[in-house]
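Colleague: Protein sequences, first through last, are from chains W and E. In terms of our numbering, the first sequence is residues 1 to 453. In terms of our numbering, the second sequence is residues 1 to 506.
Keep in mind that the hints were calculated from the coordinates and are not lab data. A portion of the hints provided could be inaccurate.
[Claimed, not checked] Which chain E residues face chain W? A few, computed with CB under 7 Å, are given here: (1) Val38; (2) His53; (3) Asn77; (4) Asp124; (5) Gly134; (6) Asp191; (7) Ala194; (8) Lys261; (9) Gly264; (10) Gln296; (11) Val334; (12) Ser346; (13) Asp348; (14) Gln397; (15) Tyr399; (16) Gln421.
[To be verified] Calculated cross-link-like contacts (lysine-lysine; reagent style PhoX-like; alpha-carbon spacing at most 25 Å): (17) Lys345(W) - Lys186(E); (18) Lys150(E) - Lys32(W); (19) Lys255(W) - Lys187(W); (20) Lys418(W) - Lys150(E); (21) Lys311(W) - Lys360(W); (22) Lys433(E) - Lys52(W); (23) Lys261(W) - Lys360(W); (24) Lys390(W) - Lys186(E); (25) Lys150(E) - Lys445(W); (26) Lys311(W) - Lys186(E); (27) Lys186(E) - Lys445(W); (28) Lys52(W) - Lys292(E).
Backbone N, C-alpha and C define an ideal beta-carbon position, used for all residues, glycine too.
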Amino acid sequence: MMRRLSIAFLALVALGTVLWLVPLQAAIRPPKLEYQRLVLPNGMVVVLHQDKSTPIVHVELWYHVGSKNEKPGRTGFAHFFEHMMFKGSKNVDPEQHTSIIASVGGQANAYTNEDTTVFWQTIPAQYLPLALWMEADRMATLRIDEKPFVAEREVVKEERRMRIENPPFGLLNELITFHAFDVHPYKHPVIGSMNDLNAATIDDVRDFYNTYYVPDNATLLIAGDFETDNVVSLVNQYFARIPKSSTPVPRDIPKEPMHTKERRVNLEQPWPLPAVVVAYQAPYNGHPDSYPMFVMSKTLSDGQTSRIYRKLVYETGLALTAFGSSSFQEDPGIFYAVALVNPGKSPDEVEKALIAEFDKLKADGITDRELQRAKNQFSRDYILSRLSIKEKASQMGHAEVIQKDMATADGEFDTFLKVTTDDVKRAARQYFIPERRMVMRIMPKGGVEEVAK
Amino acid sequence: MRLKAIATLGVFSALTALVAAQAVPGLAFQQAAPGARVSNWPRESPPRPLPAHSVTFPPYEIRKLANGLQVVLVNHNEQPSVSVRLIVRAGAAQDPKDQYGLAMLTATLLDQGAGNRSAGQIADTIDFIGGMLGTGAGSDLSFVNAVVMKDSYDVALELMADVVQRPTFAQDEIERQRQQALSALKVSTDDPEAVAGQVIDRLIYGFHPYGMPGAGTTSSLAALTRADFVDFHKKYFVPNNALLAVVGDIGAAEAMAGIEKFFGGWKPGDVPAQSVTEAPQATKRVIVIDKKDAVQTEIRVGHIAIPRKHNDYEAIDQAVKILGGEGANRLQQVLRSQRQLTYGASADLDTYKLAGAVIAETDTQTSKTAEALRVIVDEFSRLQRERVYDDELAGAQDYMVGHFPLTIEVPDAIATQVLNQLFYELPVEDLPKYRERVLRVTPDEIQRVARWFIRPAQLSVVLVGNADEFVNDLKGVGFGDYERIPIENVDLLSVDFQRRAPARPE
Chain W
1 MMRRLSIAFL ALVALGTVLW LVPLQAAIRP PKLEYQRLVL PNGMVVVLHQ DKSTPIVHVE
61 LWYHVGSKNE KPGRTGFAHF FEHMMFKGSK NVDPEQHTSI IASVGGQANA YTNEDTTVFW
121 QTIPAQYLPL ALWMEADRMA TLRIDEKPFV AEREVVKEER RMRIENPPFG LLNELITFHA
181 FDVHPYKHPV IGSMNDLNAA TIDDVRDFYN TYYVPDNATL LIAGDFETDN VVSLVNQYFA
241 RIPKSSTPVP RDIPKEPMHT KERRVNLEQP WPLPAVVVAY QAPYNGHPDS YPMFVMSKTL
301 SDGQTSRIYR KLVYETGLAL TAFGSSSFQE DPGIFYAVAL VNPGKSPDEV EKALIAEFDK
361 LKADGITDRE LQRAKNQFSR DYILSRLSIK EKASQMGHAE VIQKDMATAD GEFDTFLKVT
421 TDDVKRAARQ YFIPERRMVM RIMPKGGVEE VAK
Chain E
1 MRLKAIATLG VFSALTALVA AQAVPGLAFQ QAAPGARVSN WPRESPPRPL PAHSVTFPPY
61 EIRKLANGLQ VVLVNHNEQP SVSVRLIVRA GAAQDPKDQY GLAMLTATLL DQGAGNRSAG
121 QIADTIDFIG GMLGTGAGSD LSFVNAVVMK DSYDVALELM ADVVQRPTFA QDEIERQRQQ
181 ALSALKVSTD DPEAVAGQVI DRLIYGFHPY GMPGAGTTSS LAALTRADFV DFHKKYFVPN
241 NALLAVVGDI GAAEAMAGIE KFFGGWKPGD VPAQSVTEAP QATKRVIVID KKDAVQTEIR
301 VGHIAIPRKH NDYEAIDQAV KILGGEGANR LQQVLRSQRQ LTYGASADLD TYKLAGAVIA
361 ETDTQTSKTA EALRVIVDEF SRLQRERVYD DELAGAQDYM VGHFPLTIEV PDAIATQVLN
421 QLFYELPVED LPKYRERVLR VTPDEIQRVA RWFIRPAQLS VVLVGNADEF VNDLKGVGFG
481 DYERIPIENV DLLSVDFQRR APARPE
């Protein structure tokens, strides 16, 4: 083997430090996002970010409605409705939205999550008027007919089978949230249950449209190569003619109470390996405690040095894969870790190892070095998630709609840099307590869980 | 914070995927619009586009070190990051017979100890600076990628140089990664999508290297020794068999200085020539993989096609795009928009160095398996028999040409295009001529290539699902002659896909 490094270096390695290699003392700063924010008289928020480096533009329209706005018995509705938005409007034929965008070389799509429904198109810059015109057309005049509604339901059911029911571990997220929440609609899967999809009626669809697809519930993000004066006049031309809704958008979402007792859930699924989940109640996205918890999620599970990977995958070989997720959302959620148990290893051991990592955070917090690493990783995430105009629009949409403060798009970076090891220990002690814990084990074999029939 | 703080370590990124709906183009069936919310909304034609800006392929440089290492440089300083990617011209196709998984496991082991650093020290170095390091192998290539902030460029190069040139292959790391690979294999042999993909490749390419399991088998993984990894690495990981791209916020001079420093001393070697095996002729063969608890059937339909350097690549690629690509897509129209049989359907042209395949894929609920299969096969026939419509081809080409500026937005995408041309030994000067290349293809040409290369009567078919619920329907759609195998018995190395010996105990 080649030895090209000096003796001095070897000595340092032997001491277990590679710190001298690292030029980075503080996280490198991502460039600031420049944007303009306007509000139309009808309540629609418009955020503009100019970037002329490539002659393309990204248009993204966020409706502040997601699966958490659904009523019991009508789960999956926000996502189903997202599909309906491609069924044509007064000036656009059914199913033509995407092919019109494709015909100019653009891409269009949409996604739904717990808090929002987002429609986007990335197009050559000269077609900006086309994208705005089509989005306005379907906000104002969507066609809602029985036949395409019934047909599209079959497509959504196939989507559920494909994403959730057929792949191994496809039901994992659904099982976690179903058992982790009592009353908050985060309990229900975004895609909904088959029964609820079948029960939906055309009146539900029209009602949903009139309630949530209104300008005062929408945020329009435009990023890319445009002239500001021109884009403002286009937005006015196409969107200002849509009237404000006559009634306020309902926000009556049930609150999840603080749990008072540890819950233990044992299930069976026809999966190739057992899964173990340890979950704790967590604050909402942007809550002061969410920042130290984000830092903990980095320490627990970002990279091969992270504690969970190191302990469960690398050192003990207990798990095939293990990861933590701080799924911070608009409302309080959960902070969880998942491990897939390797053949021959016991779920007991895996459970103990996962809980031990949380207990260790409570007892000792994290080291200064771990804190610095987490900050450097945040910096990287910030920078790498702003390479494209699509990613930039997404960051801005999140700041405006979920955090309700555009300034957080950049400002949060400083909030992260201010997190201390004491903050981490304090948050760990506050949140990682047994009363707010769920331990779930999903063993191979057995039938399909009756959670979402 | 928008970023989901999720690190999926290993193979399960899908576990954490958001539910994202894919909107698709479809047929325009005319219907009267019911009362819309805004009643006085005008009837309008789409607005005219603004004046177009010119689109040019962004600047890049290609250099070569004295040791033969080809280098691609793309300077892009919008964000303060640098991405370094190294490709070695050897992948799973170079796995010797009975050593399936060798290229994959060699790649996995590269960053598990190299130079004077242990696996833990490598991970600590890259993680602490907020960087990322990844290694892996595909059919024709292996890769090592790193992303770092611009002030850590030298750290990335130093690490990569060790990982690429001086991996340790320590015995305990080998055992650790072997166990992980075996566990991953156990999961994937139960995953209908993964199984469908492996079986269709074996069916189409036969025992050609592209047909063999690149992730290995339980017995091949168990048999690999340290000497095998050392040998594979020594043979193929030489600078004259590699490409390096440095992309991001760094000038050419600084980028090259680092490359000379860390990769200039890498010794070239004689790379063994690949023994070319002929891929088999297409034959009509139907494999039904029985998975009792499946609620859907994974469907794959395809046959052998062309390698990347084929003269008719452009026309064949567009023919397959009309069948199942983005923009104009017959399969998606018929299967999703017209019949609601699936959430998504597509057809892809795989073109590797030595061979290629056209493969259509979809999934549908179990009871609709035969119907969906018939529809797909009919679309192969239609493409072969009928001339494509002028406006249909124009639609596909409009998409491709119009889409070009979207493919040169981020620096890695630019580098990928340059690397692809170099990797497949295609003229790099062609990159700015994309538009001309696409528009040169005519409906006549599509018909000419479709006539000889599309073979509806010789399609390989793989169906993975609950067989009892659909096999009786297969005869009615012309596929009554099938081979049925329980999923737990699938053996990719056996001619009939049937495991002979009982499965080894775990």
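Colleague: All hints, please: hold or fail.
Modeller: Structure-based check of each hint:
no. : hint                  : result
1   : Val38                 : holds (4 Å)
2   : His53                 : holds (4 Å)
3   : Asn77                 : violated (10 Å)
4   : Asp124                : holds (5 Å)
5   : Gly134                : violated (11 Å)
6   : Asp191                : holds (5 Å)
7   : Ala194                : violated (9 Å)
8   : Lys261                : violated (11 Å)
9   : Gly264                : violated (12 Å)
10  : Gln296                : holds (5 Å)
11  : Val334                : violated (13 Å)
12  : Ser346                : violated (13 Å)
13  : Asp348                : violated (17 Å)
14  : Gln397                : violated (10 Å)
15  : Tyr399                : holds (5 Å)
16  : Gln421                : violated (20 Å)
17  : Lys345(W) - Lys186(E) : holds (14 Å)
18  : Lys150(E) - Lys32(W)  : holds (17 Å)
19  : Lys255(W) - Lys187(W) : holds (11 Å)
20  : Lys418(W) - Lys150(E) : holds (23 Å)
21  : Lys311(W) - Lys360(W) : holds (12 Å)
22  : Lys433(E) - Lys52(W)  : holds (23 Å)
23  : Lys261(W) - Lys360(W) : holds (21 Å)
24  : Lys390(W) - Lys186(E) : violated (37 Å)
25  : Lys150(E) - Lys445(W) : violated (50 Å)
26  : Lys311(W) - Lys186(E) : holds (22 Å)
27  : Lys186(E) - Lys445(W) : holds (15 Å)
28  : Lys52(W) - Lys292(E)  : violated (54 Å)
Going down the numbered hints, you'll see the structure goes against 3, 5, 7, 8, 9, 11, 12, 13, 14, 16, 24, 25, 28, while the others check out.
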